[in-house]
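Could you put the whole structure together from the sequences, leaning on the hints where they help?
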Amino acid sequence: MAKLKLDAIKRGLTSFQGTLKSKKDALLARLAREEKISDEEEHWLDNDAKDDEDGEPAEGGISTILTHRVRFDADDTIGDAEEVLLDVMKQMEHTGVLQTANMLDLEELVNMAEEQVSEQLTDEEIKNAVQEKRAGEQDREVNGGDDDNYVDKDPRPTRGEVLQASAILRRYVRESGDTFTRQMETILG
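Count along the sequence shown from 1, add 2, and you get the number used in my numbering.
No wet-lab data here; the hints were simulated from the structure.
Wrong hints could be hidden among the right ones.
With a cut-off of at most 25 Å between alpha-carbon atoms, the simulated DSS-like pairs for lysine-lysine come out as follows [what the hints assert, rightly or not]:
1) Lys155 x Lys135
2) Lys135 x Lys25
3) Lys135 x Lys23
4) Lys25 x Lys38
5) Lys26 x Lys129
6) Lys38 x Lys26
Structure (C-alpha coordinates):
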(Lines of atoms letter the chains of each structure in order from A and count residues from 1; the text may use other names and numbers.)
(Lines give C-alpha, C1' and ligand atoms only; values in the text may rest on other atoms or scores of the structure.)
Protein backbone atom coordinates (compact mmCIF):
# COMPACT_ATOMS: atom_id res chain seq x y z
CA MET A 1 0.00 0.00 0.00
CA ALA A 2 2.78 2.41 0.94
CA LYS A 3 4.60 1.67 -2.32
CA LEU A 4 1.45 2.48 -4.29
CA LYS A 5 1.08 5.84 -2.53
CA LEU A 6 4.76 6.64 -3.15
CA ASP A 7 4.36 5.76 -6.81
CA ALA A 8 1.22 7.91 -7.04
CA ILE A 9 3.03 10.86 -5.48
CA LYS A 10 5.97 10.40 -7.84
CA ARG A 11 3.66 10.22 -10.88
CA GLY A 12 1.81 13.30 -9.69
CA LEU A 13 5.01 15.30 -9.27
CA THR A 14 6.35 14.15 -12.63
CA SER A 15 3.09 15.12 -14.30
CA PHE A 16 3.11 18.51 -12.60
CA GLN A 17 6.72 19.09 -13.63
CA GLY A 18 5.64 18.48 -17.22
CA THR A 19 2.79 20.97 -16.82
CA LEU A 20 5.16 23.60 -15.41
CA LYS A 21 7.62 23.07 -18.25
CA SER A 22 4.84 23.41 -20.82
CA LYS A 23 3.62 26.63 -19.19
CA LYS A 24 7.15 28.06 -19.07
CA ASP A 25 7.81 27.13 -22.72
CA ALA A 26 4.48 28.68 -23.79
CA LEU A 27 5.26 31.92 -21.93
CA LEU A 28 8.75 32.11 -23.44
CA ALA A 29 7.28 31.53 -26.91
CA ARG A 30 4.76 34.33 -26.35
CA LEU A 31 7.57 36.65 -25.25
CA ALA A 32 9.60 35.68 -28.33
CA ARG A 33 6.62 36.72 -30.47
CA GLU A 34 6.53 39.95 -28.43
CA GLU A 35 3.05 39.21 -27.10
CA LYS A 36 1.92 40.74 -23.82
CA ILE A 37 1.86 38.54 -20.73
CA SER A 38 0.21 39.23 -17.38
CA ASP A 39 2.06 40.66 -14.38
CA GLU A 40 1.71 37.34 -12.53
CA GLU A 41 3.23 35.45 -15.46
CA GLU A 42 6.05 37.98 -15.68
CA HIS A 43 6.71 37.65 -11.93
CA TRP A 44 6.73 33.90 -12.30
CA LEU A 45 9.36 34.03 -15.05
CA ASP A 46 11.38 36.76 -13.27
CA ASN A 47 11.58 34.70 -10.10
CA ASP A 48 12.98 31.83 -12.14
CA ALA A 49 15.72 34.03 -13.57
CA LYS A 50 17.01 35.04 -10.12
CA ASP A 51 19.98 33.19 -8.72
CA ASP A 52 21.04 32.98 -5.12
CA GLU A 53 24.51 34.05 -3.96
CA ASP A 54 26.03 30.67 -4.92
CA GLY A 55 24.78 30.94 -8.49
CA GLU A 56 22.15 28.25 -7.90
CA PRO A 57 18.57 28.81 -9.09
CA ALA A 58 16.48 30.69 -6.55
CA GLU A 59 14.43 28.70 -4.05
CA GLY A 60 11.02 28.25 -5.60
CA GLY A 61 12.18 29.12 -9.11
CA ILE A 62 10.66 27.20 -11.98
CA SER A 63 14.01 25.60 -12.79
CA THR A 64 14.30 24.39 -9.20
CA ILE A 65 10.87 22.81 -9.35
CA LEU A 66 11.44 21.31 -12.80
CA THR A 67 14.74 19.74 -11.81
CA HIS A 68 13.58 18.58 -8.38
CA ARG A 69 14.38 14.89 -8.36
CA VAL A 70 11.87 12.67 -6.69
CA ARG A 71 13.60 9.54 -5.49
CA PHE A 72 12.29 7.16 -2.90
CA ASP A 73 14.32 4.46 -1.25
CA ALA A 74 12.90 1.23 0.08
CA ASP A 75 13.15 2.52 3.65
CA ASP A 76 11.34 5.81 2.91
CA THR A 77 7.96 6.23 4.50
CA ILE A 78 4.81 7.94 3.36
CA GLY A 79 5.84 10.78 5.67
CA ASP A 80 9.09 11.21 3.70
CA ALA A 81 7.15 11.37 0.44
CA GLU A 82 4.70 13.86 1.94
CA GLU A 83 7.61 16.07 3.02
CA VAL A 84 9.01 16.09 -0.53
CA LEU A 85 5.60 16.88 -1.96
CA LEU A 86 4.88 19.65 0.54
CA ASP A 87 8.33 21.15 -0.14
CA VAL A 88 7.60 21.29 -3.87
CA MET A 89 4.16 22.77 -3.19
CA LYS A 90 5.73 25.47 -0.98
CA GLN A 91 8.22 26.28 -3.75
CA MET A 92 5.37 26.61 -6.22
CA GLU A 93 3.48 28.83 -3.78
CA HIS A 94 6.60 31.00 -3.41
CA THR A 95 6.81 31.52 -7.18
CA GLY A 96 3.14 32.33 -7.51
CA VAL A 97 2.38 29.21 -9.54
CA LEU A 98 0.31 27.89 -6.69
CA GLN A 99 -1.65 30.13 -4.41
CA THR A 100 -2.66 29.30 -0.87
CA ALA A 101 -6.32 29.87 -1.68
CA ASN A 102 -6.42 27.24 -4.41
CA MET A 103 -3.79 24.88 -3.01
CA LEU A 104 -4.80 21.23 -3.15
CA ASP A 105 -4.33 19.19 -0.06
CA LEU A 106 -2.35 15.98 -0.25
CA GLU A 107 -5.45 13.77 -0.41
CA GLU A 108 -6.79 15.64 -3.46
CA LEU A 109 -3.41 15.56 -5.20
CA VAL A 110 -2.71 11.86 -4.68
CA ASN A 111 -6.20 10.38 -5.05
CA MET A 112 -8.41 10.96 -8.03
CA ALA A 113 -11.70 12.66 -7.22
CA GLU A 114 -13.80 9.63 -8.12
CA GLU A 115 -11.79 7.49 -5.67
CA GLN A 116 -12.36 9.81 -2.75
CA VAL A 117 -15.17 8.88 -0.42
CA SER A 118 -17.44 11.81 0.12
CA GLU A 119 -17.66 12.88 3.73
CA GLN A 120 -21.25 13.89 3.06
CA LEU A 121 -22.45 10.29 2.85
CA THR A 122 -24.68 9.44 5.74
CA ASP A 123 -24.57 6.18 7.65
CA GLU A 124 -27.97 5.37 6.17
CA GLU A 125 -26.69 5.76 2.59
CA ILE A 126 -23.69 3.55 3.31
CA LYS A 127 -25.94 0.92 4.92
CA ASN A 128 -28.29 0.96 1.90
CA ALA A 129 -25.38 0.58 -0.54
CA VAL A 130 -24.04 -2.43 1.39
CA GLN A 131 -27.51 -4.03 1.53
CA GLU A 132 -28.00 -3.53 -2.23
CA LYS A 133 -24.63 -5.15 -2.90
CA ARG A 134 -25.47 -8.14 -0.70
CA ALA A 135 -28.91 -8.51 -2.29
CA GLY A 136 -27.32 -8.51 -5.74
CA GLU A 137 -24.87 -11.23 -4.69
CA GLN A 138 -27.70 -13.36 -3.26
CA ASP A 139 -29.77 -12.90 -6.43
CA ARG A 140 -26.81 -14.03 -8.49
CA GLU A 141 -26.50 -17.20 -6.40
CA VAL A 142 -30.25 -17.92 -6.61
CA ASN A 143 -30.43 -17.29 -10.36
CA GLY A 144 -27.40 -19.45 -11.00
CA GLY A 145 -24.83 -17.04 -12.27
CA ASP A 146 -23.94 -13.57 -13.29
CA ASP A 147 -26.46 -10.89 -13.92
CA ASP A 148 -24.18 -9.62 -16.65
CA ASN A 149 -25.25 -9.66 -20.27
CA TYR A 150 -22.37 -11.97 -21.09
CA VAL A 151 -22.80 -13.85 -24.33
CA ASP A 152 -20.34 -16.59 -25.18
CA LYS A 153 -18.92 -15.71 -28.58
CA ASP A 154 -18.04 -19.35 -29.30
CA PRO A 155 -20.88 -21.44 -27.87
CA ARG A 156 -20.31 -25.17 -27.53
CA PRO A 157 -21.44 -27.17 -30.55
CA THR A 158 -24.65 -29.15 -30.21
CA ARG A 159 -24.65 -32.95 -30.07
CA GLY A 160 -25.93 -33.09 -33.65
CA GLU A 161 -23.15 -30.81 -34.90
CA VAL A 162 -20.53 -32.99 -33.21
CA LEU A 163 -21.97 -36.18 -34.76
CA GLN A 164 -22.10 -34.52 -38.19
CA ALA A 165 -18.46 -33.38 -37.92
CA SER A 166 -17.43 -36.86 -36.78
CA ALA A 167 -19.17 -38.46 -39.78
CA ILE A 168 -17.42 -36.05 -42.16
CA LEU A 169 -14.02 -36.83 -40.63
CA ARG A 170 -14.59 -40.63 -40.79
CA ARG A 171 -15.56 -40.36 -44.48
CA TYR A 172 -12.40 -38.30 -45.14
CA VAL A 173 -10.24 -40.88 -43.34
CA ARG A 174 -11.78 -43.78 -45.35
CA GLU A 175 -11.18 -42.05 -48.69
CA SER A 176 -7.61 -41.01 -47.94
CA GLY A 177 -4.87 -43.42 -47.01
CA ASP A 178 -1.96 -41.18 -46.03
CA THR A 179 -0.15 -41.16 -42.67
CA PHE A 180 -1.94 -38.08 -41.38
CA THR A 181 -5.38 -39.60 -41.86
CA ARG A 182 -4.30 -42.84 -40.15
CA GLN A 183 -3.14 -40.84 -37.15
CA MET A 184 -6.42 -38.92 -37.13
CA GLU A 185 -8.35 -42.20 -37.32
CA THR A 186 -6.43 -43.48 -34.31
CA ILE A 187 -7.20 -40.32 -32.34
CA LEU A 188 -10.91 -40.38 -33.25
CA GLY A 189 -11.16 -44.05 -32.33
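Are Lys26 and Lys129 close enough, with their CA atoms no more than 25 Å apart? With a Cα-Cα distance of about 49 Å, the restraint between Lys26 and Lys129 is violated, given a limit of 25 Å.
Need the status of pair Lys155, Lys135: alpha-carbon distance at most 25 Å? Measuring from Cα to Cα gives roughly 28 Å; hence the hint is violated.
Verify the proposed pairing of Lys25 with Lys38, using a straight-line Cα cut of 25 Å. holds, 15 Å
Is the straight-line distance between the alpha-carbon of Lys38 and that of Lys26 25 Å or less? holds, 15 Å
Need the status of pair Lys135, Lys25: alpha-carbon distance at most 25 Å? violated, 46 Å
Are Lys135 and Lys23 close enough, with their CA atoms no more than 25 Å apart? violated, 46 Å
In the structure shown, a violation is registered for the earlier hints numbered 1, 2, 3 and 5, in ascending order.
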